[in-house]
Amino acid sequence: MDDIDAMFSDMLQEMDLLTQSLGEESETLPKPPSIPVTQEMNVSFGFADCNVLSLNDLEDNDLDALMADLVADISATEEKFATEKENSKEPTHFAPPPVQPQSNFYLPTSTDAPRPATSSTSISAPPPPPPTAKPSKEDLEEQIKADKIKLALEKLKEAKVKKLVVKVEITDGGSKTLMVDERQTVREVIDNLFEKTHCDCKVDWSVCETNPDLQTERGFEDHENLVEPLSTWQRDSENKVIFQEKNDKYEVFRNPQVFYLWKKDKKSLKDMKEKDKEQLLEENFCGPSVIVPDLEGVLYLKEDGKKSWKQRYFLLRASGLYYSPKGKTKASRDLVCLVQFDNVNVYYCKEYKIKYKAPTDHCFILKHPQIQKESQYIKYLCCDDEWSMTLWVTGIRVAKYGKQLYDNYKAAVRKAAGSATWTTTIQGSPSISSASTPSPTPKAKAANGHVSQPPMEIKDSGNQTAFPPPPASMENLPPPPPDPVSLPPPPPALPTTTKGNKFPPPPQFTQSSFPPPPMDDLPPPPPPPEDIELPPNFLPPPPPSFVSCGGSLPPPPPDPLSYLPPPPLQNFASVGGGPPPPPPPPAPASSAANHPTGSIRKVAPPPPKRTTAQLSTPSDGNLMSELMLAMQKKRSQQ
Amino acid sequence: MAAWDLTITVEELGPEAPPLKISVTSDLHIGGVILKVVEKTQLKKDWSDHALWWEQKQQWLLKPSWTLDKCGIHADARLCLTPQHKPLRLGLPNGTTILLRACFSSPVFRTVMGICKLLNIRHPEELSLLWPVEAKKKKKDKGVEEEVYDITCAPLPSATMLKLSSGMPAFFAESPESEAVYKTLSVSQPAPAPETIAKMYRSTTIVEKAQVNGRWLDSSRSLLKQGIKENDKVLLRFKYFTFHDITPQIDVVRLTQLYEQARWAILLEEIECTEEEMMVFAALQYHIGKVSLTEQFVASCPAMDDLDSALQCLEVKMDRESSADDMLQTMTAPELHDYLKIFRPKRLTLKGYKQFWFTFKDTTLSYYKSKEESCKEPIQQMNLKGCEVAPDVSVAGQKFCIRLLIPGPEGMNEVYLRCEQEQQYSQWMAACRLASKGKTLVDSSFSSEVQSIQSFLAMQKTTPSNKTAQTDDSINTHSLVSPRYQKKYKPKQLSPRILEAYQNVAQLSLTDAIQRFLQIWQALPDFGLSYIVVRFKGCRKDEVLGIANNRLIRIDLGVGDVVKTWRYNTMRQWNVNWDIKQVAIEFDGNINIAFSCVTADCKIVHEYIGGYIFMSTRSRDQSDTLNEELFHKLTGGHEAL
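Going line by line, the protein sequences match chains A and B.
Per this note's numbering: the first sequence = residues 1 to 638.
Per this note's numbering: the second sequence = residues 1 to 641.
The following block holds chain A by itself, in its conformation from the complex:
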């Protein structure tokens, strides 16, 4: 295990060095492009800071998954710099090396076009000589300038993206490890977990956090970001992330009457007609403002800093949780606000009867998400029974999140329905892939803006110079090494895949795939022969779930044809239709949407790290092969 750890840190270091050296090489570049160094640094920070798990705790399969992530990261970085460098040069310089005309041309055109997809289609077919495309030199120069700017901005954004490696416990006792990007929503993480666990994609699945100190549990809402709350956990935190079905997550939308007509007798509510339920939802969630269930009743409130619990009459309003002080009426004017929901979340609690001498075990607390320990700033509440606790917690969630909750539900239902029929899933056509992505990790990568690019592909491109352009781009597809079992060795598969009818002959496809990285000054890292042999031997036991679920899911190995397209497509889908500029495409578009304000300006990039560290490029290739060898060695030792 120790050498694995060491290897990881080595690898990360190498990544840094690599990026630095690249920055060094491209003299013509303005500074920003060298910034991604910080991005990779950030990744490593992600590890260092990662209190979610330490690498030592990792299971083998986790390591494999992580490997895939990292490998993708590295190759993505390579890609990035490859393209950057080309970008930095005058296109005319490119004319001579005809080996990768496609990639040379790739950047300038695709960035300028509002819909790069279309432009790149034409490119991928017949790689036209660059000069034809440029109307005039000035135009092109301007073009390049604009590209640089865009690239720079993307880098700046990407540089800020934080990633965490999260170990998610699953109800069956197992666990999954995945890398979560700062910009990913919980919904995306859940979708990712669906792919990893191949469970039924029911709407009730949720990612929850538990806090053993406070004995709390809370389901993250689908629209929340996962990284932000997790990164506030303390280093020694024993908090956990759990993936489980929570019945109360969307109960309010399945049976709105029990929340909105809670005063009526339970019997009449049980057999409410669907039509009436719909009407309730319409009334309460589709109007100009969301109507919060008119909950009121006696709850116990733990007094500040004391051990006693006092009964108070509570009322829920859209603006907060109120109680009526003793001797006063329930009229609005007399109500005292206990808490407003802007800065707090609501958590279920366990066994407070023992911990805090609560009257019952049906307690919930309201606290700022960052508070992790007992504190006077936590509001402790206790209900008579479980049912009223569900009522209150759900009511508070409705008050806090409003219509967003309903939108989440509708998206979850769509997802569930989509996975059931195995057709489309989330809005838009390209999303099909998101359901069917075979590799355990690409989702995260896609969101990060890294297309999975296994190391062998580099070699492939070398091998297949004979192939026409399409294969070159195809090579981006084979999922990373982690599950070579599932894929036939890429090279032989390629020709067929290209012609396969299932393969969408897509502009997006080529678009989102990277131009082959090999550069004249950056020789293809892994020595081909080694690579060819490696994957089969390498054979890391694929994540158990992956194997076991091969049956339930259309298993990746049997027909690579249908599976090949997904990753890039999906990648594209995550862009959200925005014009994805070249190599790290999804990043800017999606982050622009997610962080309309912060990112750019916040950036304040650290002084470009143009350190003297010069890395001989071949070491990159060695790195990967070393890594694999190490893994191999480790296995053989076991």
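Careful, some of the hints might be misleading.
[Unchecked claim] Below are the PhoX-like pairs computed for lysine-lysine, each with C-alpha atoms no more than 20 Å apart in a straight line:
1) A:LYS355 / A:LYS328
2) B:LYS385 / A:LYS328
3) A:LYS400 / B:LYS385
[Said to hold, decoys possible] Residues of chain A placed beyond 10 Å of chain B at every Cβ, according to the derived structure:
4) ASP276
5) PHE285
6) VAL298
[Claimed, not checked] Using C-beta positions, here's what the derived DEER-type ranges look like:
7) A:GLU278 / B:GLU628: 46 to 56 Å
8) A:LYS264 / B:GLU628: 21 to 31 Å
9) A:LYS310 / B:SER374: 45 to 55 Å
10) A:LYS310 / B:LYS492: 50 to 60 Å
11) A:ASP172 / B:LYS354: 47 to 57 Å
12) A:GLU142 / B:LYS354: 50 to 60 Å
13) A:MET272 / B:THR152: 24 to 34 Å
14) B:ARG484 / A:GLN311: 24 to 34 Å
15) B:VAL559 / A:MET272: 49 to 59 Å
For the record, the hints were derived by calculation from the structure and aren't laboratory data.
Cβ coordinates follow ideal geometry from the N, Cα and C atoms, glycine included.
Following the hints, position chain B against chain A.
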């Protein structure tokens, strides 16, 4: 066939003139009568708007082809030839009064349609007219006449759509005066003096609130028939609280008036809200008042994408062939740094403020021993993201403190920052505010945040004694809250609380702010309830019936508790026994209720229920065509038959 002399008064001849006598036969139709009268007056004018009004029967004779016989008119009938459209003083939700010509002969429902068309308010079915509260006229006030905006010159609305010119109905654009009238309709009114609010009639109890609903006019009868005379004043109000398809671009007047009605309902405590909610309403009112001075009512356009703007900025830079360093500079966040004093209250220790060198960067506050040491490691760093920020300020005492509650794993850390003067305070305060929302100093809202903090500080300076200074910069915070809170808090206490709420709304456009106001209003638990005091069959005491858009509720008059709720979707039918004035309703599951109405005519209850049922039949995709017939069917009662 009988022949006799018919007595007809013609208004145009003057009040002194004797009524005309014309000889008629019983088979003469109404149109013929009018012709004869007009001939006899020998006045040359446009008589097309005139019709006969039968005084004894309080009835219009609007069918020209009906014979006198068919109408039941005999020799003793005294008729009056009078215009159907007469001037009417209309009190608008925003408190202003306009004089306009309204139809006195058609059912009020249609009259309101005409008025709304004139004023450019869509969905007139949601509004209706009601009698004003009889003002207890104090003799002293007699001289004071309220300002009336006269738009009687406006052409009568025709069936065709109103022409719009520069966003308003064409005739409003004709003269500067009428344009000014339109402005009072479409721009929210400045905040009234707190004294005015305190003086206005307020319905404090639920019974008083119920009495208001007894004053609604009958939608199926004409104004004249209900005793409204020329130049009388009636109020135009939103009656059904279900606002269909609000589109800010075309609903300027509608939205403004709706906002005004909601605002007055809150200021006059017609609808109750909590203190926290009141502060948000106050902040929104302040904001709306401020932006209406500058901003035109336009659809909010989303702010330019940050990426785009940054790109543009970069491109400009690149064009100037500046170095990449400059480019980076633009991306670098500015900082605040200064000497401030800090105080961290801890239990059992009473340490005072200590001075340090502070820097504010991104969302992080750091402090050092001195400026010279700022290159070293800071003594402490605090990330303010997600923290709570509260002012602790006294302008008079020259105390400018910022109270921060910074969340940490152990709880919230309380920190006080003390600034030396206003300018410094407003900058650091703004920075803290933005940081608490995860924004940095670069955010475009920083400068406006600084400004709003300063304007609130200015508000504290103006002493409440100079009431006359009701200028735009110094709005008395008391005029933003209801009298209850005017009494409860001094302006000094009120403004920081309003400012706190204001932070969350300060960036809204006018339209968004108005819509936010309406949203919060509509989320109040008591929103949309119209009360009527009723006596349930078999009960000995009065109770209150609350009528909302989806349900009826029964409220105990003594305690004010909701006793029972019935939803319309379980309602089978409702009937009114007009003779004994009783409303009977049957719900699913053999639930029958019956009640008589105490504070209102049962026609009003009937119309409310039928009206809400009608409102629910409107569909989203439906255009503006209004099914008048259905409305009358549902609300008309025995007269519609």
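Here's how the hints hold up against the structure:
no.	hint	in the structure
1	A:LYS355 / A:LYS328	32 Å, violated
2	B:LYS385 / A:LYS328	37 Å, violated
3	A:LYS400 / B:LYS385	19 Å, holds
4	ASP276	6 Å, violated
5	PHE285	12 Å, holds
6	VAL298	15 Å, holds
7	A:GLU278 / B:GLU628: 46 to 56 Å	29 Å, violated
8	A:LYS264 / B:GLU628: 21 to 31 Å	36 Å, violated
9	A:LYS310 / B:SER374: 45 to 55 Å	49 Å, holds
10	A:LYS310 / B:LYS492: 50 to 60 Å	33 Å, violated
11	A:ASP172 / B:LYS354: 47 to 57 Å	56 Å, holds
12	A:GLU142 / B:LYS354: 50 to 60 Å	55 Å, holds
13	A:MET272 / B:THR152: 24 to 34 Å	54 Å, violated
14	B:ARG484 / A:GLN311: 24 to 34 Å	28 Å, holds
15	B:VAL559 / A:MET272: 49 to 59 Å	29 Å, violated
Comparing the model with each numbered hint stated earlier shows that hints 1, 2, 4, 7, 8, 10, 13 and 15 do not hold.
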